[in-house]
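Peer 1: One letter stands for each residue in the lines below.
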Amino acid sequence: MILISSPTGLRATVVAANALLAIALAGTPAWAQKAEPCIAGSWELTGPIAHMGLAVRMGVETAVDEINEAGGVLGRKLRVIAYDDQGEPSRAVDNARRIGEQDNCIAMIGGFRTPNALAIRPVVSEIGLPWMGVMSAGTRVIEWEQGTNEWMFRTSMKDRWVAPFLLKKALERSSNKKIGLMFEATGWGQGAVPDIEAAAKGLEVKLVGKETFNLKDQDLSAQLIRLRDGGADTVVYYGVDPEGQAMLRSMERIGYKPTIVSAWGLSAKLGEAAGTLADGVFVAGTFAWTGQLDARAEGIWKRMKTKFSLENPGQVSMPSGTANAYDAVYIIAEALKIAGSFDRAKMRDAFYKVKYNGITGTFDPAFELAAERHDSILPSQYKLLAYYKGLLMPVEQTPYVTK
Amino acid sequence: MGEIVQYLLNGLTLGGIYALLALGLYIMWEASKAANFTHGDIYMLGAIVAVVLTERGLPLFVSVTASVAIAAVVGALIERFFVRPFNTEPHSIGWMLTTIAVGMMIESAATQTYGSLGRQLPSILAEKPIRLGGAGVYAQELLLPIAAVATMFGLQVFYRRTRLGRAMRAVAADRMAAGLMGIDSNLVALIAFALAAGIGALTGILIAPVLPALPTMGALTGLKAFGVAIVAGISSARGVVIVGLAYGVMEKFIEGYLSTGARDALGFSLVILALLAFPQGIFGRGEVKKV
Numbered sequence: 056m057i058l059i060s061s062p063t064g065l066r067a068t069v070v071a072a073n074a075l076l077a078i079a080l081a082g083t084p085a086w087a088q089k090a091e092p093c094i095a096g097s098w099e100l101t102g103p104i105a106h107m108g109l110a111v112r113m114g115v116e117t118a119v120d121e122i123n124e125a126g127g128v129l130g131r132k133l134r135v136i137a138y139d140d141q142g143e144p145s146r147a148v149d150n151a152r153r154i155g156e157q158d159n160c161i162a163m164i165g166g167f168r169t170p171n172a173l174a175i176r177p178v179v180s181e182i183g184l185p186w187m188g189v190m191s192a193g194t195r196v197i198e199w200e201q202g203t204n205e206w207m208f209r210t211s212m213k214d215r216w217v218a219p220f221l222l223k224k225a226l227e228r229s230s231n232k233k234i235g236l237m238f239e240a241t242g243w244g245q246g247a248v249p250d251i252e253a254a255a256k257g258l259e260v261k262l263v264g265k266e267t268f269n270l271k272d273q274d275l276s277a278q279l280i281r282l283r284d285g286g287a288d289t290v291v292y293y294g295v296d297p298e299g300q301a302m303l304r305s306m307e308r309i310g311y312k313p314t315i316v317s318a319w320g321l322s323a324k325l326g327e328a329a330g331t332l333a334d335g336v337f338v339a340g341t342f343a344w345t346g347q348l349d350a351r352a353e354g355i356w357k358r359m360k361t362k363f364s365l366e367n368p369g370q371v372s373m374p375s376g377t378a379n380a381y382d383a384v385y386i387i388a389e390a391l392k393i394a395g396s397f398d399r400a401k402m403r404d405a406f407y408k409v410k411y412n413g414i415t416g417t418f419d420p421a422f423e424l425a426a427e428r429h430d431s432i433l434p435s436q437y438k439l440l441a442y443y444k445g446l447l448m449p450v451e452q453t454p455y456v457t458k
Numbered sequence: 006m007g008e009i010v011q012y013l014l015n016g017l018t019l020g021g022i023y024a025l026l027a028l029g030l031y032i033m034w035e036a037s038k039a040a041n042f043t044h045g046d047i048y049m050l051g052a053i054v055a056v057v058l059t060e061r062g063l064p065l066f067v068s069v070t071a072s073v074a075i076a077a078v079v080g081a082l083i084e085r086f087f088v089r090p091f092n093t094e095p096h097s098i099g100w101m102l103t104t105i106a107v108g109m110m111i112e113s114a115a116t117q118t119y120g121s122l123g124r125q126l127p128s129i130l131a132e133k134p135i136r137l138g139g140a141g142v143y144a145q146e147l148l149l150p151i152a153a154v155a156t157m158f159g160l161q162v163f164y165r166r167t168r169l170g171r172a173m174r175a176v177a178a179d180r181m182a183a184g185l186m187g188i189d190s191n192l193v194a195l196i197a198f199a200l201a202a203g204i205g206a207l208t209g210i211l212i213a214p215v216l217p218a219l220p221t222m223g224a225l226t227g228l229k230a231f232g233v234a235i236v237a238g239i240s241s242a243r244g245v246v247i248v249g250l251a252y253g254v255m256e257k258f259i260e261g262y263l264s265t266g267a268r269d270a271l272g273f274s275l276v277i278l279a280l281l282a283f284p285q286g287i288f289g290r291g292e293v294k295k296v
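Respectively, the protein sequence lines represent chains Y and A. Heads up, the first sequence is in my numbering, so the first residue is 56 and it goes up one at a time. Heads up, the second sequence is in my numbering, so the first residue is 6 and it goes up one at a time.
In short, the hints are calculated from the structure, not lab data. Please read all numbers here as calculations on a predicted model, not as lab measurements. Check the hints yourself; a few may be wrong.
Across the chosen pairs, the derived CB separations fall in these ranges [claimed, not checked]:
| # | chain 1 | residue 1 | chain 2 | residue 2 | range |
| --- | --- | --- | --- | --- | --- |
| 1 | A | I9 | Y | E259 | 31 to 39 Å |
| 2 | Y | K357 | A | F273 | 49 to 57 Å |
| 3 | A | V78 | Y | K232 | 36 to 44 Å |
| 4 | Y | Y407 | A | T118 | 42 to 50 Å |
| 5 | A | G184 | Y | S364 | 56 to 64 Å |
All C-beta atoms, glycine included, are put in the ideal place defined by N, C-alpha and C.
Full structure from sequences and hints, please.
Peer 2: Next up, the structure:
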């Protein structure tokens with residue numbers, strides 16, 4: 056409080072002004088002040104998809120360790136704060152508030168589920184908290200149907216861009232150009248159908264069947280019989296591991312062996328669970344820790360292996376998600392350097408200037424102002440992976456490359 | 006033709022699961038006039054315990070035996086601590102809530118410790134499907150309906166020919182009169198729950214080589230088995246097996262000729278209609294009370 060020796064009237068005015076200033080400052084949310092050097096996440100750390108939360112955590116913590124060993128950012132060490140949302144949107148919303156208001160972190164990193172990312176859109180906007188998605192691929196997470204997205208960014212795949220990628224890869228591998236679609240009856244799976252239909256129209260290919268299934272279904276024979284009878288020799292799959300495993304079993308049971316090209320709901324764990332049945336299944340992704348790695352990726356893998364007590368790269372359940380998370384942290388660090396302070400708005404603006412050579416690709420710049428370019432990984436950086444001998448590998452390093 | 010055979014075979018496999026689980030509910034109902042809503046989770050527990058023990062290097066036979074034994078003990082504990090104290094009056098329903106709660110706890114504990122992804126039990130009967138009439142089926146799957154029918158006949162023999170079985174029938178007929186004849190009805194209920202849990206676990210073990218053992222595999226399956234038991238008339242072993250097999254086949258034909266989405270909606274609607282038409286269940290008999 057400032058006190059000035061002055062005539063009574065002036066003194067009263069100054070005291071009143073100071074009081075108003077104090078009230079105004081007390082009422083100013085924490086985010087308007089300098090943020091803390093912490094990167095916080097709302098991830099699926101327990102529950103049925105805990106392996107996905109762990110995959111994000113691996114990438115984030117490994118990158119933060121590297122950055123801190125190199126001296127930190129702007130002279131300060133970064134901290135990681137991990138909150139569990141168990142994949143539930145309501146918990147993600149609570150966590151976002153905590154991260155933005157109580158912890159006052161400089162940025163938030165999202166988890167696996169698109170519904171969680173959609174649920175926190177109004178929260179991060181209201182708080183002014185830069186959010187970086189590293190897995191949840193829903194188009195509407197970034198490209199809002201209403202309002203302007205100022206705070207949400209993503210270093211991951213985007214469903215609208217994945218659909219044509221998958222369909223092109225499916226067509227390349229189809230002998231009779233008859234493609235079928237299998238999708239889970241969730242927001243993600245159903246949301247992908249118009250994307251796939253639009254992509255099919257663009258590529259002038261007609262889908263011979265669109266079949267859906269419920270989560271926890273363990274027999275998908277009926278849907279597959281219809282696709283088989285429709286002549287589909289290639290199936291585009293939007294689903295996750297348990298139903299993917301059930302699909303492979305059902306295919307074997309009914310004697311149907313189409314080529315499968317899957318969105319990245321299938322993780323490395325499927326190779327372990329389904330064994331040779333999964334061999335030759337293609338999955339879209341951004342990175343694989345298996346096979347030949349370059350020197351930088353090899354170093355990251357060794358660090359991760361030690362920190363998380365891993366035995367082989369196949370244990371990184373969501374290889375692309377882990378790599379995205381790793382790159383996302385570096386993009387945040389680069390943006391902070393450009394911003395010159397732990398100021399959220401300045402850092403957000405700096406995202407559009409970041410140039411960074413990551414493990415998933417080159418970002419030049421990472422983001423642009425156009426709504427669709429709040430996604431940093433472009434379709435040209437998408438990769439095709441394939442299961443081979445139980446491991447999810449870059450397709451170039453499997454026998455399925457020319458198939 | 007091939008697809009009809011396929012739906013029939015898949016339906017019989019699924020129906021075998023429903024029938025076996027519904028038989029367990031029948032056993033428990035007869036002994037205590039209570040249904041155990043953890044039964045689907047016991048089915049799951051049997052499968053994942055067998056998978057885990059096999060992964061730890063135990064021979065398959067030992068893993069299976071240990072899994073059934075563990076499930077039987079869990080079943081007995083559930084009766085003793087979560088059903089009996091809440092089933093003291095003729096119309097008590099506290100056991101509903103307690104068994105639903107315990108089922109959720111078992112599923113959560115399994116998810117935390119076992120993981121969320123499925124693993125299969127090794128079996129030479131599930132390595133390659135056999136071809137029948139243009140359809141495919143794993144020999145392992147055929148064990149389910151066979152086991153359901155065999156268990157039904159086995160229970161008939163058990164109830165008629167063994168001292169314990171006759172004691173169970175006596176308790177089912179009149180708990181108080183059985184008590185007056187020196188039968189410990191609490192012990193009979195305890196054994197009935199253990200027996201039902203053992204059968205539930207065995208069901209999970211039989212399907213685990215084909216369908217991956219998952220912590221979430223039991224809840225909905227158990228609920229459907231309960232629906233089967235009610236529609237059949239829970240006091241008829243023959244009825245629950247027939248309705249169980251029929252329900253499984255019906256689900257597969259709905260999936261095949263309508264849609265997967267219609268399966269549960271239509272299936273449960275038919276359950277409700279069947280109950281409206283047969284309030285005591287299709288094979289049930291009305292309870293007569295002497296006054």
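Peer 1: Evaluate each hint against the coordinates.
Peer 2: Taking the hints in turn, this is what the structure says about them:
Between A/I9 and Y/E259 the beta carbons are some 36 Å apart, a value that agrees with the proposed interval 31 to 39 Å. Separation of Y/K357 from A/F273 is about 53 Å and conforms to the stated range, judged on CB atoms against 49 to 57 Å. Checked against the hint of 36 to 44 Å, the pair A/V78 and Y/K232 fails, with Cβ atoms roughly 58 Å apart. Between Y/Y407 and A/T118 the Cβ separation comes to about 46 Å, which falls inside the hinted range of 42 to 50 Å.
For the hinted restraint 56 to 64 Å between A/G184 and Y/S364, the CB-CB distance of approximately 58 Å keeps it satisfied.
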